[in-house]
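Since chain A is already given, all that's left is putting chains B, C and D on it; use the hints.
Protein chains in written order, with numbering that gives the first Met the number 0: chain A, 0 to 297; chain B, 0 to 358; chain C, 0 to 412; chain D, 0 to 293.
There's no promise every hint is true.
Unchecked claim - Here are some, though not all, of the chain B residues that point toward chain A, as calculated from beta-carbon distances under 7 Å:
1. Met-13
2. Lys-74
3. Met-80
4. Phe-82
5. Ser-84
6. Ala-86
7. Thr-92
8. Gly-100
9. Lys-102
If you are wondering where the hints come from, they were derived from the structure by calculation, not from laboratory data.
Note that CB positions come from ideal geometry on N, CA and C, so glycine has one too.
The residues making up each chain are set out below.
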Amino acid sequence: MPGFPRRLTSRAAAGLALLPALTILLVAHLGSTSWTIWISLTSSRMLPNSNFVGLRQYETLLNNDRWLVSAQNLAVFGTLMVVGSLLVGLLLAIAIDQRLRVENTLRSIFLYPFSMSFVVTGLAWQWMLNPTHGIQKLVRGWGFETFQFDWIVRQETVIYTLVFAGIWHAAGLVMAIMLAGLRGIDEEIWKASRVDGIPAWRTYVSIVIPMLGASFATAGILLSASVVRLYDLAVAMTNGGPGLASEVPAKFVMDHLFERGNLGLAAAAATSMLVTVVSIAAPLLYARSRARTAETRR
Amino acid sequence: MERGDVSLNGIKIMFGSVKVLENLDLDVAKSEFLVLLGPSGCGKSTLLNAVAGLIDVKDGQIWIGGRNVTWEEPKDRGIAMVFQSYALYPRMTVRGNMSFGLKVSGTPAAEIARRVEEAAQMLRISDLLDRRPSELSGGQRQRVAIGRALVRKVGVFLFDEPLSNLDAQLRAELRVEIKRLHQQLGATMIYVTHDQIEALTLADRIAVMHGGVIQQLDTPAKIYREPKNRFVASFVGSPAMNFIDGRIEAGATFDGGGLRVPLAGYAFAGNPASGPATLGIRPEHVVTGSDAREGAFDATVELVEPMGADSLVWCRSPGGAAFSMRLPGDTAVRSGDRQRASFPAASLSLFDSTNGKRL
Amino acid sequence: MGRSRFHALVPAAVLTMLAGAASAQQRAEVIHWWTSGGESAAVRVFAEQFTKAGGTWVDTAIAGGANARTAAINRTVGGDPPTAMQFNTGKQFDDLVENNLLADVDSVAAAQNWKAILPEAIISAVSRNGKFYAVPVNIHGQNWVWYNKSVLEKVGAAEPKSWDEAIVVLEKIKAAGLIPLAFSGQKNWERDLFNTVMLDKAGPVVWNGIYTQRSEAAARSAEFRAAVETFAKLRNYVDAGSPGRNWNDATALVIQGRAGMQVMGDWAKGEFAAANKMAGKDFGCTLFGSKGGGYVIGGDVFAFPKQKDASRTGAQMLLAKTMLEPETQILFAQKKGSIPVRTDLDTSALDICAQKAAGLMKDKSQQVASVQMLAPPAMNGAMEDVISQFWNGPSTTTDQFIEKVVGVLKQRY
Amino acid sequence: MNVIEPTGPRPKRTSPARVGLYAFLAISALFFLAPLYVMVVTSLKTMDEIRGGYILSLPSELTFAAWTKAWSSACTGLNCNGIRVGFFNSVRILVPSVIVSIAVGSLTGYALSFWRVRGADLIFGALMVVAFIPYQIFIYPLVRIFSMAGINQTLFGIVIIHTIFGLPTMTLLFRNYFASLPPELFKAARVDGAGFLQIFRSIMLPMAIPMIVVAVILQVTGIWNDFILGLVFAGRENLPMTVQLNNIVNSTQGERAYNVDMAATMLTALVPLVVYFGSGRWFVRGIAAGAVKG
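Next comes chain A alone, as it looks inside the complex:
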């Protein structure tokens, strides 16, 4: 634009480009979040009311077995599911990156779980894992009479079956993100390492994987967010059972929000989740932000 210094207009353009995001953030996200926090301090049932009750809902929450069990379950599930999905997704991405003829087919095979609604795929998993007609029965039918695979009906182990299905569902997406990262790596890095005589696996471990930091961060945050919001899977596969053994916080929120018409408690639960996330994320984000500033300064 003649007459304007380019620098100024570009800066302004950058600010302008953030306007939609900022509006959404302030109006939709922050607005809704503050509303949720407010509701958690009221006695709201199915519909919100403004009957202030202080921290009563939080008190109820902390005395609620199911909430406490849900939080523990989430910790176990979350850790295994995030680590497992990252690992499986990365291995799949690396395997698929070896210039295979069937790459497209394989990529779709690993991604298809992501395309399907859990309502029914959860049922398929439930059937397969069910000891009376699933894999256990199949293997026993082959003559291994003592074969035991009844994790889904046992309280101590049911959470691991959710991890299986969770990895099955999410690993494809992680693979896609990692693949995008791998494809973004300069081919000459590979050539250099080959000339240097570094074996392929060592190149991955020491050179390429450390370069995938951004992909790991992206996949890690996406996975963590989906873990915290985990709901469909638990409903479809185990409905939280046996007992409370596969209950999760988001399901607690959802059940109390809709089925149980207890908006106040649901909001208190959601707020607690939010506070937990912020208290974990804030120091990380702060450290990152400082590191970034330091780097750009140099």
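Just chains B, C and D now, with coordinates in the frame of chain A:
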């Protein structure tokens, strides 16, 4: 047949069903600095990658240091390579970058340290050893990349457009550096570039490539003075060679662009012939003013480009053919002037109009 | 374009077009969760009867009660309410009444004399502060015991009359190598099984003590303890695959004779019917009520959000009236597998299980209101959690369980 | 000296690593396909066989009745026209929602990564925190906001809703991707005099193609499979296909036809699957130029 330090016999390379190189032979002598020069897409990088073993050949053999390495892994070929994008491992320090290959191959730590130190001194990057690539400038990065090649202690170095990502000043600086290294190490070097200045300054011999074929393999001087075909003539030299279309009459006179250029003293490749031809002359070979001799003519000056030491003067012959000549930087010639000029036969290049070959 | 295509696909809309444009004001959009084959046939009865009465039924079906209610409530709150929305008979619409979002249907109730023809429990479930706020449409029994006749014959057992007798039968079936009790281990069915046992062992007084008065004494009573102990025993009669199973898969086990019996609401008849099994011939149905009040009644109602456009209120009243007409009631019950909500109808057209239930509906002492009618959803949910924990955690003692129940009763909802 | 002088391409030897690779891929593929197998065989059985037989066994007689029923005649309430009813509604929601959410997300990610806008880290941090809240809790307040703005129950409204809920992940995806690109690229373009949008359009977006593929996968899947948001915000004329799917598979008290459920689920998943298959070419793009790997 005597084999060079690096020797390619009948190389054929395909990308899928596309033929990139076919039946290519090349011999590089020990301690020679050979430059593969050509426009992008001519197959020069592909050829270099094949020498390194990074691309499989479809047919033919590759010999390095007297061994047939056609089926060898890159690391076993006795080569080191430097890349255009430097290809430094971003998460390792400079020291890590230089020592990683040695570490993996099980070289003793003391030996690694010694070699890294030596290479770093040679390249004057000793201060940078603990930095990461992201903290280095482009020139420093390329030094590190060269250092990573040096520590391999091999006889053959391959450079794949190593200076293309640098700005002009750094390029010149590193060019000298590489030349110095070559003299110091006495190693065989194959160097790919599309920059003819690099080629002319660095090379013992240049292989000019086009369309997957080596057009000419000669010393820089020979390539400059006696290009084997019109492609080489036009690709090498800056400012570019002038071309005027016409005919050769009775093997003695070139007639074209309104000029009659006597050819007595031109070394014909074969028997002097008659027929359509293209005359080529470099701007600096045009003889001007009172030095103009046989076949002299008056050209009209159209444009003067001062280039410091010289000025490039764009003219038009009486018959309308455009050409340029090089005059001293302080020339008083201005556009619209008339300039006496002649084309001395000894500096000419004549090409067959049909196949572009040197006559 | 979306609108026109949608209409073209809806048979009710086609019927309306034939009926003429005069009915435009009588257009009723109904949100409900009856979507599958049998349910769909049942809802068609309403739609067709409504059309006959001069209305236009616009169908918005959303499976899953919570989903349908979420959509309906959010539309009401957002200012674009449907004409009618479904609820389970019970306390789910309390908040809507309190927020003055529902229209009352007193005019229809008076015209049809609901107070005389509806069971008392149903009347109290649909009225608030002396006004009717919803039209009840059917009654579902929640505590039916279904059994496979040939399995019982094979093990030489007769139809049990109580849980004590049932346990003897279950033991025999177990000895025969079959699954005694076909069970679907999801929280709500665990709760229904517990309630079924509780009603039989502890009776309606304790039932109401727990769910209506929320009395600690009821939870600590000997009868309640006995119920808990019997419930705990039932763990021995379910198979390893029961946790997480869908209720209809459990029914399938009974249908195939791989299991002896199942506790489930009368909607299970739909599965038997789909497998071509006849009530009284292939399978039997019974209710346990050793201490009276053997029939747990629940069901569905429709409520009518207040409209900005007064003309739509007419459609609401017409719909309410149509739904309770005798013909509609019988036809609907036949398709749905439920029984009519009116007690003044001839039920001989229904199957024998429904007839049995309709008989019980004539005697107030034979009925108890479902927990959904007595307690708010939040409390029922909390009970579910406690019961599920107990059922799946054999190490929990009866005392611990009772303490947890007391904890649920003391909470504010 | 070799007996045969090495000439031409390296002889193809199947290395143990290659065998391991194929074994790993084969086992993984089996793991991933197992539930699909269950779904496919179930969809091809009759209900009698499903009730009586083993879920892992092949159907004794093939029947595609469940597929035709799921598509065109299963009841989803009063109407019995299968899941096809909502198909075009889903498409009409999907296309603008995917485009708008990716456009806003990529632009935001770009602005947050290369341009040192004040408070950028704060905006990004807030967006990341929001990504962790169960989104259902936002439904009620958003209904109020939308009805105040007059866009509740409209196609426009649902597009905005998907943009709102897609913003955190889309921003994350693109910001991190752009941040991993060499900053020289951006600086060079600045020096060349390119402006904010010009750099975005002609340099950053083409470079981000693999990430756009990922973003499309995420959004297409998320929006296509969304049920609750479409249900609450789209309005009854625009109800997406998942509402019909839910009506088929999710009835609480109705009898259930698993074969139809399975067929309906797979039919609904076809659109995302087509997108996955179609995206392959773009994935491969990055490797096309003479790639060489160990």
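Now the hints, each set against the structure:
no.: 1; hint: Met-13; in the structure: violated (15 Å)
no.: 2; hint: Lys-74; in the structure: holds (3 Å)
no.: 3; hint: Met-80; in the structure: holds (5 Å)
no.: 4; hint: Phe-82; in the structure: holds (4 Å)
no.: 5; hint: Ser-84; in the structure: holds (5 Å)
no.: 6; hint: Ala-86; in the structure: holds (4 Å)
no.: 7; hint: Thr-92; in the structure: violated (12 Å)
no.: 8; hint: Gly-100; in the structure: holds (3 Å)
no.: 9; hint: Lys-102; in the structure: violated (9 Å)
The structure is inconsistent with the numbered hints 1, 7 and 9, although it conforms to all the rest.
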